[in-house]
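Asker: This is what each chain is made of:
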Amino acid sequence: MAQLKLQNLRKQFAPNVVPVKDISLTVDDGEFLTLLGPSGCGKSTLLRLIAGLEQPTAGQVVVGENNLTHIPPGDRNMAMVFQSYALYPHMTVAANIATSLKIRKTPPGEIQQRVHTVADTLGLSHLLDRKPGQLSGGQRQRVALARALVRNPEVFLLDEPLSNLDALLREQVREELKELFEKQNKPVVYVTHDQTEAMTLSSQVAVLLDGLIQQLDPPSRIYTHPANKFVAGFVGSPQMNLLALECQGDRAILGDFSLPLPSFSPQPSGIDIGIRPEDLSLATEDDKITVQGSVSLVEHFGRELLVSVKIKGSHHTLRILINPDLQWEKEDIKLAVNPHRIHWFDEKTGDRLNP
Amino acid sequence: MTTMPTTFLKSLNWKKVLLWTGVIFLVLFCLAPLLWQVLTSLKTNDAIAKLPTVYFPNSQQLTLDHYLILGGKFLRYMLNSAFVSFTSTLICLAVGAPAAYTLARLKIPGEQIILACVLVVSLFPYVLLFLGLLELVKFFGLGNNYLSLIIPYTAINLPLTILVLRSFFQQLPKDLEDSARIDGYNTLQMLLQIVLPMTIPALVTTGILAFIFAWNEFIFALTFITRDTLQTIPIAISKIGGASAFEIPYGPIAAATILGTLPLVILVLIFQQRIVQGITAGAVKG
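For the record, the sequence lines run as chains Y and E.
For the first sequence, numbering that gives the first Met the number 0 begins at 0 and goes up steadily by one.
For the second sequence, numbering that gives the first Met the number 0 begins at 0 and goes up steadily by one.
Derived from the structure by calculation, the hints contain no laboratory data.
Fair warning: this is a prediction, and the values are worked out from it, not measured in the lab.
Each hint should be verified, as a subset may be incorrect.
Claimed, not checked - Below, in silico cross-link-like pairs of lysine to aspartate or glutamate (DMTMM-like), each with a Cα-Cα straight-line distance of 25 Å or less:
#1 K104/Y / E176/E
#2 K333/Y / D249/Y
#3 K130/Y / E176/E
#4 K173/E / D165/Y
#5 K101/Y / D174/E
Said to hold, decoys possible - From the derived model, a few chain Y residues whose C-beta atoms are all more than 10 Å from chain E:
#6 N7
#7 P14
#8 A50
#9 Q171
#10 T195
#11 D216
#12 S219
#13 S236
#14 V297
#15 T316
The beta-carbon is built from N, C-alpha and C at its ideal position, and this holds for glycine as well.
Next up, chain Y with everything else stripped away, as it sits in the complex (with noise of 0.2 Å):
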């Protein structure tokens, strides 16, 4: 049994350079935790952290009872798989998995065994005698995956690992992913820029901004409950419709409509919206709080169209996702608000007000 723990984890680089401000979370077993968040955000930090490549400024990481703080990278026991895959260029494919036990003297035929065992798993059998210069980007990323696998590590840290794969390739990956570490049971910490592969892989995500947690819940909450604006505008794709507007006593205005405020108190002078496209639909007879507008823009997504929609008398855009077999007035068109799935945050502070 390891737990994964940080506590109160900051990295300072000089005094305006802080990509870690003060990070606590705990991973555990068979947990797949992904930290999400623009570049820039201090997410491959806080993973170089844990691995011990960086000597954090301030705080702790555990794992199951041993602070690892100190301890140098080589003696965590923690695997991880970097962008660029980082495979020794000159060793063979079966060298580059061996190395990590070789290093740690592990007896020959063990090593023998276990890379086959890996090898077998990840497909990679008749690959073993070449070089990584030989071999296509995803062959080259599984030898990588095989290097972490085969150290039997405590914990696996992964450093965007699909983000040198083309499209089709990584979607496919990203299910054997899913699969891998699913068996392994252990802790597991990935890090990425892309929602897609945050929401389908993690059992839990935290959304990174400026070297701070600003959500840390299981991907579907994430999606239907975002702590604030940044992660209402950063999850989801098509992004999240966000409106600053003003109130007038318990409504709030767009433009010549007007929306209901859930009952806040104080009742506020301006409050953020945030509604999905998809929690927008064209207006029907019983609907009762609708907007009207012009459409300015129709983007095809295949399945559905992306409608961008000027709110009349006001200069919001409202965009929505239409099945395109529907019909609608392109000068004049009636969109229905679902009021359960609006999100209202804080004009200042952004935090989300509606539980």
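Add chain E to chain Y, keeping to what the hints say.
Answerer: For chain E alone, kept in the frame of chain Y given last:
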């Protein structure tokens, strides 16, 4: 009848003709002195002196005598040159590579200043140093000692070695070193087993440059070494003299030059494969 030349002219690819004319001209321009030396070294003395100049000697005008005259002593000079050049090149790489790695990877305070100093040293015309160095050689009693050449050659080649290797280390992917650390290599193992094998092309390139400089160097070799048995090739060639003060022995000089250049040519031919093939291919994406 009349259509033949026009179709022939049309089928000529003028760009290609221009390219090959250029290539042939350039090669001739660069190699002419060397080819002339080869020719001279193989001609009899009569053929060398003959007017009009003999460009294509017949069988009576060809001889290997000039090479045979050089004798066993010349082998001694070759070995002297080889020893001095190899040793100084090896020391240069052994000292320069760690320095370059340090400058490329570690954040040292004053790194820019150190680099500027290295650059300035390499800009300084080394010929101006030899009088001062002669005093030093005398002071340390290194005259007529291989060390009096090995040390200055190493020092003169170091700046270039450091600068070239540093830029090479900078473009080596850092992930490889991180990966090695996570695999459990300690720093020394990492440098020797991971970084060094990937550095070989750069080491060979700079090594060859350093070697060529040491092999061809003249003024230090002339000043610091006076004992005949320790002298290097360039000095030995310059000392080849004729029977009288008025005779210039073109043949033996040409032969000695060819023999003295041969090791360099062979060395470059052997190693150019290594220089060309970048062995980092496949380490990271691409």
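Asker: If we take the beta carbon of T195/Y, is the closest beta carbon in chain E still more than 10 Å away?
Answerer: It holds; T195/Y is separated from chain E by about 20 Å at its closest Cβ, greater than 10 Å.
Asker: Beyond 10 Å from chain E, beta-carbon-wise, is S219/Y?
Answerer: holds, 33 Å
Asker: Is the claim that D216/Y lies outside the interface with chain E correct, judged by CB distances over 10 Å?
Answerer: Consistent with the label, D216/Y stays out of reach of chain E, its closest Cβ about 29 Å off (over 10 Å).
Asker: Checking a non-interface call: every C-beta of chain E should be farther than 10 Å from the C-beta of V297/Y. Is that right?
Answerer: V297/Y clear of chain E: closest Cβ-Cβ about 37 Å, beyond 10 Å.
Asker: For the pair supplied as a hint, K333/Y and D249/Y, is the alpha-carbon distance within the 25 Å limit?
Answerer: holds, 23 Å
Asker: So is T316/Y really clear of chain E, every C-beta pair being over 10 Å apart?
Answerer: T316/Y clear of chain E: closest Cβ-Cβ about 38 Å, beyond 10 Å.
Asker: Quick check for students: does the CB of Q171/Y sit more than 10 Å from each CB in chain E?
Answerer: Answer for Q171/Y: holds, closest chain E Cβ roughly 18 Å.
Asker: Beyond 10 Å on every Cβ pair: is that true for P14/Y relative to chain E?
Answerer: holds, 16 Å
Asker: Since A50/Y was said not to touch the interface, does its Cβ keep a gap of more than 10 Å from each Cβ of chain E?
Answerer: Answer for A50/Y: violated, closest chain E Cβ roughly 6 Å.
Asker: Does K173/E pair with D165/Y here, judged by a C-alpha cut-off of 25 Å?
Answerer: holds, 24 Å
Asker: Compute the least Cβ-Cβ separation between N7/Y and chain E, then decide whether it is above 10 Å.
Answerer: At about 24 Å from chain E, N7/Y clears the 10 Å cut-off, so the statement holds.
Asker: Quickly compare the C-alpha distance for K104/Y and E176/E to 25 Å and report which way the hint goes.
Answerer: The given pair, whose Cα atoms are some 20 Å apart, holds under the 25 Å limit.
Consistency note: the structure conflicts with earlier hint 8 alone.
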